[in-house]
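Asker: Sequence:
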Amino acid sequence: MDDNLLLESLLRVMRELRSQYDASARDLGLTMARARVVTMLARMEGATQSELAAALEIEPPTLKRQIDALERDGFIERREARGDLRKRALYLTDRSRAAPTTRFLDHIRAELLQGISPEEQETVRRILDRIADNAVALSRK
1 MDDNLLLESL LRVMRELRSQ YDASARDLGL TMARARVVTM LARMEGATQS ELAAALEIEP
61 PTLKRQIDAL ERDGFIERRE ARGDLRKRAL YLTDRSRAAP TTRFLDHIRA ELLQGISPEE
121 QETVRRILDR IADNAVALSR K
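According to the UniProt record's numbering, the sequence shown is numbered sequentially starting from 1.
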């Protein structure tokens, strides 16, 4: 198999997903960065700002600005973290839950992976993780 064909297919998938995701974010008046925060928080509600920053692989001060704006616009809310009154946990609001951006992940799971067995999905995930690790290693050389 031609290595270029595999990478071209991967890039095509990324472009198509990005296009759909961008359109969903724009419909809500969100930037791509803010939509990404909402989408990640949908997977890890109740996370602290530092936990969310680590998951998004961005610096906490960058995330704080995005969280402040998302809270101001009614997409997320801060609450006291269970077990530690000094920390604030992040939660989606009803507005976020109803947003197409959050539902986009459900769409991916329901439609894009249709006809692909759990075993095949696991194989693809392992391969993509290996490709990502190789890309990280390239940047260190």
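For the record, the hints were derived by calculation from the structure and aren't laboratory data. In this text, all values refer to a predicted model and were calculated from it rather than measured experimentally. Don't take each hint at face value.
[Stated by the list, open to error] Here are the simulated EDC-like pairs of lysine to aspartate or glutamate, each with C-alpha atoms no more than 16 Å apart in a straight line:
hint: 1; residue 1: 87; residue 2: 133
hint: 2; residue 1: 87; residue 2: 77
hint: 3; residue 1: 87; residue 2: 129
hint: 4; residue 1: 64; residue 2: 51
Asker: The structure should be examined with respect to each hint, and the outcome stated for every one.
Answerer: Going down the list of hints, with the structure as the test:
| no. | hint | verdict |
| --- | --- | --- |
| 1 | 87 / 133 | violated, 33 Å |
| 2 | 87 / 77 | holds, 13 Å |
| 3 | 87 / 129 | violated, 32 Å |
| 4 | 64 / 51 | holds, 12 Å |
In the structure shown, a violation is registered for the earlier hints numbered 1, 3, in ascending order.
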